[in-house]
Amino acid sequence: MTLPPKGDAESVPLNEQGQKAAQAWDPAKDEASGQQCKAYGAAAIVRRPGRMHITWQDDNTLKVEFDAGTQTRIFHFGAPEGKGGDWQGVSVANWDVPGTIMTRGSFGLQTFGPLDRGGALKVVTTKMKAGYLRKNGIPYSENAVMNEYFDRFDLPNGDSLLLVATEVTDPMYLSAPFWTSTHFKKQNDSTGWNPSSCSAK
Amino acid sequence: MKANSMKHGLEIVLFSAALLTQTNLFGQAASGERAPARPSPAIDLSGYWSPAVNEDALERGGGSEIGDYAGFAINEAGRLWALSYDPSRVTLKHHQCDGYVAPYQMRAVGNFRFWEDRDPHNMQLVAIHIWAQTTEGFRTIWMDGRPHPPAWAPHTYQGFSTGRFVGDALMVNTTHLKQGWLRRNGLPESDQATLLEFIVRHGDHLVDTTVVTDPVFLTEQEVRSDDYFRQPSDHGSWLYACDDGEQIIGRAPDVVPNYPLGAQPYAKEYSQRYKIPLLSGIAGAPSMYPEFAAKLATTTDAEAAALLKPAPGPSPVSRAVDPEPLDGEIHVWPISGNVYMLLGDGGNIVVETGDQGPFIVDSGSGQLTDKVIEAIHKLSDKPIQFIVNTSFLPDRTGGNVKLHAAGNDPSLVGSFFSLQFRDAGAGATIIAHQNVDTRMVEAKFPGPGLPTDTFLNDRRRKYHNGNAIEIFHEPNAITDGDTIVHFRQADVIAAGDIFNTTQFPFIDIKDGGSVQGEINALNDILNRTVFLHEGQGGTMIVPGHGYLADEHEVVEYRDMMVIVRDRVRAMIKNGATLEQVKAARVTADYDTRYGANTGPWTTDMFVEAVYTSLKQAAK
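If you read the sequences in order, they're chains G and H. Sequence positions in the first sequence follow the numbering used here and run 1 to 201. Sequence positions in the second sequence follow the numbering used here and run 1 to 619.
These are computed hints drawn from the structure, not numbers from a lab. Treat the numbers as computed from the prediction; the structure is a model and nothing was measured. Possibly wrong hints are sitting among the right ones.
Said to hold, decoys possible - Okay, the calculated bits of chain G under chain H, using three or more residues with CB under 8 Å as the criterion:
1) 22–31
2) 122–130
Said to hold, decoys possible - With a straight-line cut-off of 30 Å between C-alpha atoms, the simulated DSBU-like cross-links for lysine-lysine are:
3) H:371 with H:382
4) H:275 with G:201
5) G:129 with G:6
6) H:268 with H:295
7) G:29 with H:93
8) G:6 with H:93
9) H:275 with G:6
10) H:275 with G:20
11) G:122 with G:29
12) H:309 with H:93
13) H:295 with H:378
14) G:29 with H:382
15) G:6 with H:295
16) H:510 with G:201
17) H:402 with H:378
Idealized CB from N, CA, C, for every residue including glycine.
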């Protein structure tokens, strides 16, 4: 919510090139050049304070809208669609169900297959336009790849939480994967939904 | 298969993001669990795991700054507790080896090891264990369906955990936690907190989502998550050696570093350093939501500063669970060796058994004495031989008459006493400080229930049932006749009403109690305790009321007593009247834990006792 100071890359595994890029952050320049959405790209959008709205666009496509920066991500099940090169890139989704028992190299073991047990939504995103992991100019490049796992937890009191575990790898600016996990609470209605413009400041 | 035919948990929903650390969410109480439609198979979490500290590095490393409580739904008590906290408190001997409570433990840096415990006969999963390098946090998550212990069972840093697999997550429910940190900058988590966790594994990436419910310090649930990556081998460093020692030579034993309410000198340092509004760190629940940005823009620092001190008005009351059973039955809890705690008759009773007759500490309120006797007879087939009254108060002595009548003291029968007293040895011997007898006589207590063996010195001792038993007089604690009883072999101390986990100390000024005496008595208990490991376990303390404790609970209680004393003493020094002291709400950070506005011992009565005692001492 509060913009960190320039160069504050605490706990982000930036390499030397990444540190230089972070030091070159100039929000006014970003605004002037129409790049004010650099912190609202796929690799950072779930970290923006705000709400998201998940709907099925069709049988094979999830649409995830964010009021922060008025951004939309599209998760395709099956073959990737789109050319990318924009803030949200190209996302391929599949259900990650650990209930599947591996039988490779074994014999006499039962393959249970997917059980009625929930599981995570895994989303792999590539072809993102270069942006910021943090709003203060901590960079990721167009070569970054992001794996996300969406897990839903139902609490005994009826509330539901959504955990988004994120792994960003970027050979250009990161020396190691950047892992974060972000929480959302399910709302019953659109209270608070407040689409806003991107802001570099 | 079409993707949305496998929607799993993702439906058409609107999710609101948490702010700042992005790890804080809320909900209602998370107690109880719904039975799953069918059990999910186990997920292998075994192995070595290291935390991926790509966020919250300051909190998890050097520690957050005072005043940085953003994203936590703290109430007034939590905020003021944190603002009163002085980091120098960890220099106190009894805080040096404090462990981390489970929710905070999972955020600690250092490595983790998970392993399974399976029944060798049927390979059923019995438990999952977690060892955390930092503070040697050892967690056991019971997977065998066992129930949680009763409310009067001891609390530990890691609590009591049960788990089951739900979908692709291990869901863990933890109760019986000690007081500890939500954040290591003084932001407290109470001993009433419960923890719900969801642990998921995606390849070599593990995420633990923790949901803390704390009725004492939080207005909403605290949700955070921690990431771990899998290590291929043992890094070989798992211990966290700690022995306490003197950090400040010559410091008085009744010093507890703290800042007066409303006078935390560093309260604004965090906001000033980062050039952010003062409200950003201290707002509580609003700071978790996107709308908070607008609130920050419209709230001045002067307005926010009102949150740095107690709000005027009535004090809230305790939100803690009363662990004393009220079902009309006597419940027995084994403590150590041959020493037991009996609950249910309005005050805890301690029973020591062996080849001699039972040795009892306190007799309860007297409402259920027949059932107390029945419970004692189940523990021993011998008649009760000794009863110690730790004070003259009714919850300590109410069952004296019947317990006395139900026993006898064979050490007197046939002794020279029997030549002097025809009834020598008939009935259990009741031991107490002479002032207890004096007060009971003044109160016209029935003769058969009066102490029969009194003492005036500071120490009385007996060797009984294999225990060296020491009875120490604690002068002018809550009354002028208080004692504690130490069973040395079992390493159990019965503290009577000097210590309890349910209310502010009942300091009975008119019967000789005093603030300083109470502090001295609590410190005397602490002088006799030895923790087993990382500041917990070892010597067990039976409170007059409440759950079985160890030194950690006594330390927190002592700290509270000292802190309240310091505040009242400072106000008296500045000429404050009793009404001004009450209006200042000097117990504001403890009211949601111990406070009461009705009943026999209210917050106002406690504050008045502190004030009166300190005024008397100043004369």
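Are any of the numbered hints broken by this structure? If so, which, sorted upward? 1, 2, 7, 8, 11, 13, 14 and 16
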